[in-house]
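Protein chains: 2
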Amino acid sequence: MLTDAVRDLLDLPQTFTHLCTLLPGGAPQATVIWHRREGDTLRIVTGASALKVRNIQRDPRVSVTVAHPENAYHFVQLRGRAELLLDGPASLAEMRLIARRYIGERADAWVDAMGAWDAAIITVHPERVSLFAEQEPA
Amino acid sequence: MLTDAVRDLLDLPQTFTHLCTLLPGGAPQATVIWHRREGDTLRIVTGASALKVRNIQRDPRVSVTVAHPENAYHFVQLRGRAELLLDGPASLAEMRLIARRYIGERADAWVDAMGAWDAAIITVHPERVSLFAEQEPA
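Protein chains in written order, with our numbering: chain A, 1 to 138; chain B, 1001 to 1138.
These are calculated hints, taken from the structure and not from any lab test. We put the CB at the ideal spot given by N, CA and C, even for glycine. Check each hint, because a few of them may be wrong.
To be verified - Now the in silico label distances, taken between C-beta atoms and shown as ranges: (1) A:A116 / B:L1085: 46 to 54 Å; (2) B:Y1073 / A:W117: 12 to 20 Å; (3) B:P1024 / A:P137: 28 to 36 Å.
All chains, please: the whole structure from these sequences, using the hints.
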């Protein structure tokens, strides 16, 4: 489902997810967070009681935008459904993999220093993907 | 309503809006686009028949995230309502101001080259603002 061009963008170091979930009542609520692509999904780890987790528990519909860190005209839109895994140890293991994308070899020590963390894995399953591979207007 | 720190971030050249609107049925839909702050609002210009315009016509609730172009840990979340102005000439005048933020002195020639454009101004009125002024984990 994700083309090579989309995978390349999502895999680029220092690309961040702008994740939009739905509040009670249906209003959109967005935040900026780390991600890691796994196959055709995006994985995000956050606190189990985070607003975005509570939103997804109520309504799994999400939207994601990820822009190239050096060219915001090159970005991908993903719409789909988020799946939650409320499992502290699994979340920390995933967090090690995610953190490596952003802070490299410091990731393990950084995750170790967090200790036990009541965290959750959000897996975004894209249902619609649009890639914009543009440049600043000439 | 917008603090000086939030204004400074929104006014920074090369900051882009990740704008999330609501599709028919209520699913979130996000895109990446230019903006310009005007007082306590954000202005965006797009085609009058764009998906985000049709979404806002149906439901004005929007969410915006804007990250610092060199430090994505420094970002602002804005939630609020979008107001539409479907006025081609006014949209082109606003587009000149917006484009100047991104392409500088090339903006006027770029807008002139667009000719008549059936465009709309989206004005985001924030109702809730959260600033995250963080750094990459040490």
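Tested hints:
1. The supplied range of 46 to 54 Å is met by A116 of chain A and L1085 of chain B, whose beta-carbon atoms lie about 52 Å from each other.
2. Between Y1073 of chain B and W117 of chain A the C-beta distance comes to about 19 Å, which sits within the given range of 12 to 20 Å.
3. At about 31 Å, the CB distance of P1024 of chain B to P137 of chain A agrees with the hint of 28 to 36 Å.
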